[in-house]
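Chemist: Residues per chain are reported as follows:
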Amino acid sequence: MGGCVCKDEDTTPLPNSASNGLIDDHYRPISQCGFKSASTAIHMDTVDELVLETLNVIDTYVETDQEPPTSILTLHAIADQEDGWIQVVTSMIRVIPIHHPLGPAVITLLFDDCPLPTKECVMKLSNILNLSMQVYSQGSPQHRNTCVLLGLLAEKLSGPSSIAILTDTTLNYLIKNLDPTAEPPVILFSLIALEKFAQTTENKVTINKQLESMESHPILQLEKWVDSQCYFKRQVGFCAQWCLDNIFIVKDRVFSYQCVNVEGINVMLNTKDVSEYLKISPDGLEARCDAYSFESVRCTFQVDNGVWFYETLIITPGVMQIGWATKDSSFLNHEGYGIGDDEHSLSYDGCRRLVWYKAHSQKQNRDVWKPGDILGSLLDLDKQEIIFYLNGEPLPPCTEVFKTASKGFFAAASFMSYQQCRFNFGSVPFHYPPTDREFKSFNGCAQLSPEDKVILPRHIFLQQLSKLSVREDSCTLCFDKKASVRLLPCHHWGFCSRCADQLRECPMCRAPIVSKVDMP
Amino acid sequence: MASLPRRIIKETQRLLQEPVPGISAVPDENNARYFHVIVTGPEGSPFEGGLFKLELFLPEDYPMSAPKVRFITKIYHPNIDRLGRICLDILKDKWSPALQIRTVLLSIQALLSAPNPDDPLANDVAELWRVNEAEAIRNAKEWTRKYAMED
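Protein sequences, first through last, are from chains A and B. Terminal number for the first sequence in the numbering used here: 523, no gaps in between. Terminal number for the second sequence in the numbering used here: 143, no gaps in between.
A couple of the hints might just be wrong.
Stated by the list, open to error - Computed spacing ranges between beta-carbons, pair by pair:
1. A:Cys512 <-> B:Lys84: 36 to 44 Å
2. B:Lys138 <-> A:Pro453: 54 to 62 Å
3. A:Phe405 <-> B:Gln9: 33 to 41 Å
4. B:Gln9 <-> A:Lys366: 33 to 41 Å
5. A:Phe258 <-> B:Gln9: 26 to 34 Å
6. A:Asn368 <-> B:Met141: 53 to 61 Å
7. B:Lys84 <-> A:His494: 40 to 48 Å
8. A:Thr204 <-> B:Lys84: 47 to 55 Å
9. A:Lys227 <-> B:Asp81: 27 to 35 Å
10. A:Glu218 <-> B:Lys138: 40 to 48 Å
11. B:Val18 <-> A:Phe405: 27 to 35 Å
Unchecked claim - Covered, in the sense of this in silico footprint (three residues per stretch, anywhere, with C-beta under 8 Å from a C-beta of chain A), are these stretches of chain B:
12. 21 to 28
13. 49 to 59
14. 73 to 80
15. 97 to 107
Honestly, the hints are just simulated from the structure, not real lab data. Using N, Cα and C, we set each Cβ at its ideal position, and we do this for glycine too.
Next comes chain B alone, as it looks inside the complex (with noise of 0.2 Å):
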């Protein structure tokens, strides 16, 4: 592996010793840019209850470019398509290199508090969500059940 930067290294630690509530990020054993993410789902939300895994990659040139962030678990929401890719401005042209894991993280857990159809990734569900909004979050309830929440 590239030799692993202090940036990294440095942030690791801190998301180890001080974890951010409702969310853990934990480090591949053999990858230290790979780490294996679990957002709980935010509290008055559609996903409440639901656990949702992430995968989030940090690139060679991180932090001068955004870290790749990525749902394994299905989830109803309109800007999250169904190979798990997320629309998010600070994960494109708004990153900048001040910003970390964990506010990355943060800002993922807002989007599920705050869905945003007028800026779609998954189109058909962005679609529901303007013209039924009541039906859209029963949908996104139904799928928090059925594949966030561990039996």
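The shape of chain A in the complex, shown without the other chains (with noise of 0.2 Å):
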């Protein structure tokens, strides 16, 4: 479950009751002082206690009918008002520390559900950035945290805000922190600010002019860290890289799927087959979530039987669900589920350390994984069996899916924001490969043919698909067949069988429909 708290459901976030016990009584006070929206004097120690207490207890909440943790309640109910909002917005910034591997992730799934910011109170905010860029010390977790939280605000207010946000302070201040002298967490995630700022036109525009004016394109500098063996580093190049091809193209660059050497890949992440926020590299193997959604992909080729394994390079630590999957499983990136969240996928996921099957987990007795991990995924389909190996060590076996599902496997992955893992179907010798059976991989048994293997950036991907036609005599609901279905009593035509089929009452008068009949 990828721990989005904003349900549809849910329109009153106030705690009605302590969740489960999952909260520890000491923390218990604090978040049952019952705010009410009028109080906005809180004090600063309370809200940043609560940042703490929520980070704490983030890992706990995984369940998604679950009620989330009081204190991001009480936090949301804070931030119901300006002062409020303003309040827990520079908390986070504060006492959020840099190497808890959810840190970021908590600021964002914190600040998404928070009511809406006015104009004002942005510009607020932007005014209190805007020094406190100049006042933090070097390598202070607060760098980090306000390009965190800037790349946020740019999200969300795209548009007029958005440009105004993006102040000549501002603006210097990300592009400053490009520095490869700088911290690379800080480099990270001023990258990423700038990536989502760059989605308002005007903005991106802007941004170009001032890194073309630069003496050196501090992009094209980051993206040489790509295959770095430091883990942080390496997330810049991989960032850097994606920037260059798809928002900030630079005049006479090559785009990386023009001169990367795919060769011997046999395997890749089906870029048919992905929810639409998650990068993918040029060769197709390596995977990032910089999206608030839990992003999700199949690889290209599917097994049907017999004994497999692939494994997958850990480069960040946080949650991943990474496992096997079938095509029923659906990738439902902006509920929060994704592989291991229904009952056709399996997936362990080594940050909270769970096994998922059916939006259920079952805890595993082993250390949180940690960038440069190996984590092994078996399927054996001859005795039902699913095996993870952490660093070669195995888990217990799983064969829960083998209930609903039996053939048809993908190796499939689930990203949390800013989660990233590089995979291995076999087009290089794996690390720990399984020695108590035989098994095959991927790579030394599938094909992609030459096209197939073009990671395409997406924005040439929709020119591509914007010169697309459509036949005349296509079903007005998916204009991809050829209409052949009229609904009966009603008499209304011009579906096709698939999406007739999809039908219970008519599309045009709702009548509720008794049969479809074919038409010449």
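Dock chain to chain to rebuild the complex, using the hints, since each chain is given by itself in its own frame.
Modeler: Laid out in structure tokens, this is it:
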């Protein structure tokens, strides 16, 4: 479960009871002092404690039907008032420590469900941030947190407000942070913030102008870190390359997809089978999510029988659910559902140490994973078991998924905000191949045509799509297949059989459908 | 990205070629399922003169399920809550795959002209709208001036 707190149903975010005893008694009094929206003078220490409390309990908040932790609900109640909103936001900048694996994700989670800030409120915050950019000492977590928040603000306030926040001070601050000698986490989140500001076209033009006026383009320098053994630098390299291919296009730079070497790679992450915000590397083996949603992807190769194995290099230590899924498993990225959250998939999350199946989790007695760790995933369709290995050490076999799925499996994974990993489907030797049984690797058995190996930047892909034309006699719902079905008794027609199969009432008049007849 | 259905391509082309008066809907450069929307406040409503930003997202099984739409600009309206979520039947149980992005946005524009406090999402706003409509309308105008007008 990807931990979206924003479910459509809850519109009254005040706690009615303590949540399932998940929170230490120690914390209770703060969370339950019952804020009403009138009180604005909440002590700053209280807000700080609530933010830290959220950070501590966030990995116990795993079920979607579970009430969010009380600290989150209380913070949202505080943020309902303008002053409270600024208090919560500045508190997050001040207290979230730099090394907590879920730090940036918690900022994102808390921020996203806060009420919409007014423009004045945002400008007030922007002024506070402008001042604080200069006072925080180098290497302090506040810089990283400030950049995370600027990115979130940019994303939330597309358009004029986003342009208003990107003042000269802010822009210069973010660009200065791209200096390769700055702290890699600060570089990383500055780059992500710039990417999100660039979602508004005017900002993109401004940023590009500034970048091009510099002696050497800073992002071109950072791109060289794409294979770095320092995992923070590697994230910077990945994001730099993605930005250069997708957003900050530099004249005369060859797109990565045109120069990447994909010889010997016969299986990739499938760009036609992925939720929309996941970033995939030009060689199709590395993926990263910088969105708020819980992004998922399957690989290109399906297996139906036998024993299969692949490995994943963990690059970020946060929440990812890596494992196996059939095509029936759906990617509900905005609802926070991914691999392991339905009956057609099973996954392991080494951050929370949970095996996931049907959106229910089982705690594993293992260390939390860290950058550089190798997760092995073995699918034995003969014995009907899945075994995960952390650095070669096996977890207990999982068998539940075979009650509901017996074939048609793909390697698959879901990513929380700011998470990244690299897959090895067998194009290079495995680190910890299983020794207790014979297995096959996808790469040894699969084939990809040259055109299927091209990971196109999205703007080029979308350009190609918009040139498609549509036939006159096509289905009025999908415009894809030929219209061939008439609905009875209302006689409305213009649908293909695939769409008609999904209908229970007529899309035109809402009359219940008694029968569907083919038209000549 | 999952390959983009023709339906979405077709709707996008038409939205750009024949825009709806008072509504702009532009697909995101990097995500063809995500639209940046601006709706102008209808004449004669307390929202007149305002420009309201919304986000519209087409889920994986669109058009079999409804688009997800949310106000980004703050608005004082009984059927829109503080997170910008909209209470509108065609976005929920009354969705039909024959409806389109353009019809949805027209319905939202109509909702601005005709608030419905008997089916509220923002309870305090709806309450005021019921007991003191004049004051509610004043508030709505005030919010429109404060949050939905660019200076």
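Chemist: All hints are to be evaluated individually against the structure, with a verdict given for each.
Modeler: Hint check:
no.	hint	verdict
1	A:Cys512 <-> B:Lys84: 36 to 44 Å	violated, 19 Å
2	B:Lys138 <-> A:Pro453: 54 to 62 Å	holds, 57 Å
3	A:Phe405 <-> B:Gln9: 33 to 41 Å	violated, 51 Å
4	B:Gln9 <-> A:Lys366: 33 to 41 Å	violated, 55 Å
5	A:Phe258 <-> B:Gln9: 26 to 34 Å	holds, 29 Å
6	A:Asn368 <-> B:Met141: 53 to 61 Å	holds, 59 Å
7	B:Lys84 <-> A:His494: 40 to 48 Å	violated, 28 Å
8	A:Thr204 <-> B:Lys84: 47 to 55 Å	violated, 33 Å
9	A:Lys227 <-> B:Asp81: 27 to 35 Å	violated, 54 Å
10	A:Glu218 <-> B:Lys138: 40 to 48 Å	holds, 44 Å
11	B:Val18 <-> A:Phe405: 27 to 35 Å	violated, 46 Å
12	21 to 28	holds (count 7)
13	49 to 59	holds (count 5)
14	73 to 80	holds (count 5)
15	97 to 107	violated (count 0)
The earlier numbered hints that this structure contradicts are 1, 3, 4, 7, 8, 9, 11 and 15.
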